[in-house]
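Q: Chains as they are written, first to last, in my numbering: chain Z, 147 to 592; chain A, 147 to 592; chain H, 147 to 592; chain C, 147 to 592.
Don't take each hint at face value.
If several chains are the same, the list does not tell them apart, and a pair holds so long as it fits within one copy or across any two.
Straight-line Cα separation of at most 27 Å, DSSO-like style, residue types lysine-lysine; simulated pairs [what the hints assert, rightly or not]: (1) Lys478 / Lys357; (2) Lys313 / Lys357; (3) Lys244 / Lys578; (4) Lys326 / Lys478.
Source of the hints: derived by calculation from the structure; they are not laboratory data.
4 protein chains.
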Amino acid sequence: MKKGIKIATIGGGSSYTPELVEGFIKRYDELPVKELWLVDIEEGREKLEIVGNMAKRMVKAAGIDCEVHLTLNRREALKDVDFVTTQFRVGLLDARIKDERIPLSHGMIGQETNGAGGMFKAFRTIPVILDIVKDMKELCPDAWLINFTNPSGMVTEAVLRYGKWEKVIGLCNVPVGAVKSAAAVLNKKEEDLFFKFAGINHLHWHRVFDKDGTELTEKVIDALYGPNADPAVVVENIKNMRFLYEQVKNLKMLPCPYHRYYYMTDNMLKEELEAFHNEGTRGEVVKRIEAKLFELYKDPNLDHKPEELSKRGGAHYSDAACEIINSIYNNKGTVMVVSTRNNGAIDDLPYDCAVEVSSIIRAHGAEPVNFGKFPPAQRGLLQLMKAMEELTIEAAVTGDYATALQAFTLNPLVPSGDIAKTVLDEMLEAHKDYLPQFFPKEAAVH
Amino acid sequence: MKKGIKIATIGGGSSYTPELVEGFIKRYDELPVKELWLVDIEEGREKLEIVGNMAKRMVKAAGIDCEVHLTLNRREALKDVDFVTTQFRVGLLDARIKDERIPLSHGMIGQETNGAGGMFKAFRTIPVILDIVKDMKELCPDAWLINFTNPSGMVTEAVLRYGKWEKVIGLCNVPVGAVKSAAAVLNKKEEDLFFKFAGINHLHWHRVFDKDGTELTEKVIDALYGPNADPAVVVENIKNMRFLYEQVKNLKMLPCPYHRYYYMTDNMLKEELEAFHNEGTRGEVVKRIEAKLFELYKDPNLDHKPEELSKRGGAHYSDAACEIINSIYNNKGTVMVVSTRNNGAIDDLPYDCAVEVSSIIRAHGAEPVNFGKFPPAQRGLLQLMKAMEELTIEAAVTGDYATALQAFTLNPLVPSGDIAKTVLDEMLEAHKDYLPQFFPKEAAVH
Amino acid sequence: MKKGIKIATIGGGSSYTPELVEGFIKRYDELPVKELWLVDIEEGREKLEIVGNMAKRMVKAAGIDCEVHLTLNRREALKDVDFVTTQFRVGLLDARIKDERIPLSHGMIGQETNGAGGMFKAFRTIPVILDIVKDMKELCPDAWLINFTNPSGMVTEAVLRYGKWEKVIGLCNVPVGAVKSAAAVLNKKEEDLFFKFAGINHLHWHRVFDKDGTELTEKVIDALYGPNADPAVVVENIKNMRFLYEQVKNLKMLPCPYHRYYYMTDNMLKEELEAFHNEGTRGEVVKRIEAKLFELYKDPNLDHKPEELSKRGGAHYSDAACEIINSIYNNKGTVMVVSTRNNGAIDDLPYDCAVEVSSIIRAHGAEPVNFGKFPPAQRGLLQLMKAMEELTIEAAVTGDYATALQAFTLNPLVPSGDIAKTVLDEMLEAHKDYLPQFFPKEAAVH
Amino acid sequence: MKKGIKIATIGGGSSYTPELVEGFIKRYDELPVKELWLVDIEEGREKLEIVGNMAKRMVKAAGIDCEVHLTLNRREALKDVDFVTTQFRVGLLDARIKDERIPLSHGMIGQETNGAGGMFKAFRTIPVILDIVKDMKELCPDAWLINFTNPSGMVTEAVLRYGKWEKVIGLCNVPVGAVKSAAAVLNKKEEDLFFKFAGINHLHWHRVFDKDGTELTEKVIDALYGPNADPAVVVENIKNMRFLYEQVKNLKMLPCPYHRYYYMTDNMLKEELEAFHNEGTRGEVVKRIEAKLFELYKDPNLDHKPEELSKRGGAHYSDAACEIINSIYNNKGTVMVVSTRNNGAIDDLPYDCAVEVSSIIRAHGAEPVNFGKFPPAQRGLLQLMKAMEELTIEAAVTGDYATALQAFTLNPLVPSGDIAKTVLDEMLEAHKDYLPQFFPKEAAVH
Ligand SMILES: [Mn+2]
Ligand SMILES: [Mn+2]
Ligand SMILES: [Mn+2]
Ligand SMILES: [Mn+2]
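Bound conformation, chain Z alone:
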């Protein structure tokens, strides 16, 4: 593999691409990316051209030997690549906005990776990723698939279970942020701390250890969520990450930000409904931010990642992807938090499902650090959510209506009963164009 590296990025027209390119540029000495193929679909042609040209300017400004290719032909790009990264969004931000607004219009959580919205994102995304895997088997059978399309955990599990593709790693930037905020409140260097994460994507917990072996987990809980938490120290963005102190303290582990949807459901719903009725959902906000970003990207003089990208959310996502690729390529043995096959690392979950755990990253892949069993509070929620994920993935693959309804019934963010069916039906209809598995030929919704 120690020749130059060829990478294909599916969804290359994404606003994230500059961070990815920056990540490759700054690692070029140890990770010589010689070809970067940015792939998109007809619908995204304009964005691909804007961001692709900017990528070319960045590479040129950096003075590295790397060709950036823009293409709408995925198969051309996949040919003989070493790594495929995925950051596509089926149906673009308009689909996300529907994922948010439809549930909210029925008084339930509307969010792009949780609740009904996250399930529909899985329904739209999984058939596409399985199609990519089909192409990879033919065109680049030795490549690694580094997925950061959400819902990242379910996508990874679909690739493993239904795609029968082993060389996949799922990524998320949440653990990166958790490490940063713990280091900040402890006033310690990240590299002096050891983090042990376990759970599933957007639903994991972690413990923190100091370099002398002392566990600092409760100290971080206190600093972030305790009665005397100092907002000045707490990093921006998580200021509104409200939890009940007694409850998270009782966990003896740190929750992830998405736990707010499960631990503070009522409060989160109120916040979301407020936004829904006023400035718009997060998807609508992001759409406005993106429009501005693309205006910036058009500037033929811009040849580096602009500051404004950080507002987009998803910071560190692409950088984490570069670091994974680097660790694999250089067999570094870095400990990172990734979605990978469980194989018993978490005893409470099925052996062959995908989990998100601290793992050693080497050339042969991710080796999870063993976690073992969770105490009941974590275990119960985690097991429920994994079962919900299994059903969601199955429905995404089979297009079976009853399985989708079952998954809706199980999801704790979807009130069960007639309302679940009503929302399911409405969302199926709204996303019809991206759900061929549920609408074979001309068949109408249930």
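Given chain Z, work out where chains A, H and C with the ligands should sit, using these hints.
A: Frame of chain Z; chains A, H and C with the ligands shown alone:
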């Protein structure tokens, strides 16, 4: 053991007692109960006398050789008994009404064995049952404890795990009803069908097999919940047992009636709120029924179980208790559905927890029929609920506020967030007199 | 199914057949076998005719309405049957004698269901049973397969795992004998005792309970193996069933007779070598007994099972088969010990393997009584043996030499090392004609 | 902890001590050992003085600031230490020689960590280690216990399970040797390879990966055990490490050298019997080597580890101990192979047992890399051996004769039957002085 049998019934002043007495009378030939000790507390003295005298009349009318004793001295009653049955209700119906009305007043499910209400019933009941077990170790170390105080599954688990008492069986009348309704819609005799139940108390699923080996489960699902379900055939009482047909059909198992709280949460909540604002909660209705029942029981000419008792709910409960006792005493090998230690009968749950499963009942106890693994839809909910039970039991034993809050957070019928804490605090205050473990000495609520 | 029953018996020329026929005759009222097809192969034509004609005489003498058919055409017999029973022996007793003599000639245990011999019996038998299953799928897809060909557990597992045939039950007469000997030494009626068996075929343990719930296991251990064991009470045949008293007492469960091979390996080997050098191995003895039996069977006046059959070994085997069929046909719910899929009944073994456990037998099949976890002494040996079985079955199906060698290495009755390979090679050569999977086309042994 | 380090070495009079001292000297810059307490018992006073004085000379020659203390007072040494290392041998080499010769005199494997000998080493050692732990709780409750007294895995499990002491790591030099031999035959640098070990002490398997992610395991199997293995490349010492090529190839993992006892039992027994009847057992050889070593150590001019120590066996043992201490002290995150609590890292073994697995070593302890499930060939042997270990440890703690006999019966290197009891009895008698738990007061052997 083949001498005459001595039984102590804790909560002997219950309105259920006549069914229990009737059960013993009709089994007298094979199950010669020579002494029945009805035990109650000072608060229940009047009810004990009314129902106890009625029990005496019943026994006399039946012409059997059985002494009925009424006592407020539990230890006197427990001395050398063969079986202890428990049907007490800490705080009487007034506590139940609080369990229902407080959550409903905050817009959440209020029910006596589910949600916040069920958890508080556990908080009040578990310390008392552990105290009974302590007495049994001293006074009747070879006796069987047949518990039908709710929440029956959690009470059984508390006895096993914290009471370290092995000879306990938990009971519920729900499986009896499920058998009857399946037989009714299939128009077959109960004894020609085989039922395989598994889950936990008030959250189990079952499959039905015909005498030629055909599985009839889906047929029963169709008959009870399908688009063409015939209300005339469906037995009274379950007419309002609404489910989403596609969802229960997808289970390939029959849910229990309490599943409505989890599968039709939104609908159930609306129904409950309607009652809350109008005729009153179930507890209030039952209180009125009971008042009438006790008026009947006062009649010195009444010497048999009156028809009106069937409206009380809980029919077949006491009869099931008699049948368990009979199966143990006579080593009958009957297959019944009971709460007992898991020991791996259900692979998805902890080895040492209590489960409710079809079991062979013999003199040495309950031998569960192996069940194995559930599919994901059942598994996820079941695992969540068991974790919630573990936390609830732990909080009931330790009186730890954070553990109680954790259990509230996990319970799918309690919206998580600030509202959970508010309701927890309000209920702790309301039930203060029955929760010494949460209020040691003079300490105020959190 | 309540028409008359049609049964096909593969290996119908076996000397066991009269017991089977007797079993059907005596159950005729509740189990009306209208057609019994005795099937054998060309090699066994003579025996089939002798024993088949005897079967016809038995049926006639009994005056029941049952046709006995003799055929060498297996497919003709399988057509539309309700039950298939298997009692064939690939390679006849001569193959058994090789299974015994070759290992013994190298100083290791030579026995037909244990050690190298049992593994080769599996190698010869499994391809044939899978071929039968293939026919059954086509000719009698609703039939039950009742297997009593040894090694019964491995054959059952092969049918489940590789044959993908669910309606199979494996049988053995060992548990029947264990029940009889426990009842004898306790001087109690079998029906007053409850037995809980668990393990795998020829390697299971059991506990015994009295009708008042008292566990009698240790009492039976003492009576059978204790220092004061009374040979007069101990039933014939098990008098030489030597165990170390302290060791079996420590098990707190009763071992099965075949445990002698694992618990008393050294002593058993000495006994076998003695026989090997003198009167011949058990196979040679049985061959002489069988010759005499078939002489008896030839007698045109003999129309009932002769006493002499009991010396053959395997008594109660066929009767157990009749009882299983009866329990299935009449949905009796009898508790019997059978080989069936584990599904977690024994936690220490793989979920999908075959185990031999006390099970409720109903029309829809065998429902194992849950067993749970064994203590370490039982667990370790059981897990080793199951792994050995898995490898043996895999080798039997694939004909892979290295897998067979691996199984030999794991088997505790085969000393590992060069000697294992030597014996494997010699036995492969000796049984070559019955092992096409190991000798595709003309390829020589490894 | 970043003050100077204080270490106590129990069994400080061992011939290994110079390697340990050398290890501390060469790491002094990052691992500043300021006090080294060499502890021994009266019986070992002379050896302690010889080797202790040599240690003092080594430290002096190295010019480091480290005090070496010699003491027979264990409690004085343990006071406030940071690390305790254990390398004691109860009963000295004479006990080892009995562990070897008694079994061999009965024709069974006689080896110090396997078979009957290893079990007796556990019987003698475990009570002493538990006594050390008792002192540690009082005198150095924050210290780490680094055990390299054999049987290292059982000793570690005893400390965890019965000593209730979490801060323990068990060590062995076998993985170090395996890494060296794989690197040698592959002609690659150790640091370019990744090794994944799992199993239990002296019974683990490993896989090898190249720095480009390619698995090299089978290549190493071929190089070491294949028909074309080149003795010139194969490192000394393992030249006689015979395995059956087909069998180890089928494992798809590399066995450890001690696997020869289980995979080549017959051959190993012959080799041992040959030595037993000629040059003497390994213990006798080692005794002669040690005598010479101590002669060398007496030389007042010797101030460095002599070459001759490498013949002693156990090379790299002490160096591994220094490296573990270094990794803990400096929170290095090195991946090493250690005995630690399973917690599900190996799914096939009990959750709370000790396993030997590749682990990340940090200041808070060993974090095992998850392994998951073994294929059946490894699984069966591993599960058997772990059960045998559990029984051995239990017998070592309780002194229960029947449990010891059970462990003997299970051990595959001890032929079961009367001979097992005979050898057990003879060894109990021979080691009587070191087995107070089996001989309370004056009670005679069974
Ligand atoms: Mn994410
Ligand atoms: Mn109930
Ligand atoms: Mn058998
Ligand atoms: Mn070692």
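Q: Compare the structure with each hint and give your call.
A: Here is how each hint holds up against the structure:
1. With identical chains, the CA atoms of Lys478 and Lys357 are at most 27 Å apart both within one copy (21 Å) and between copies (9 Å).
2. For the homomeric pair Lys313 and Lys357, the shortest alpha-carbon distance between copies (16 Å) is at most 27 Å, but the shortest distance inside one copy (33 Å) is not.
3. Proximity of Lys244 and Lys578 under a CA criterion of 27 Å is satisfied intra-copy only: 12 Å inside one chain copy versus 47 Å between copies.
4. For a Cα distance limit of 27 Å, the shortest separation of Lys326 from Lys478 qualifies both inside one copy, at 21 Å, and across copies, at 21 Å.
Hint compliance for this structure: every hint is met.
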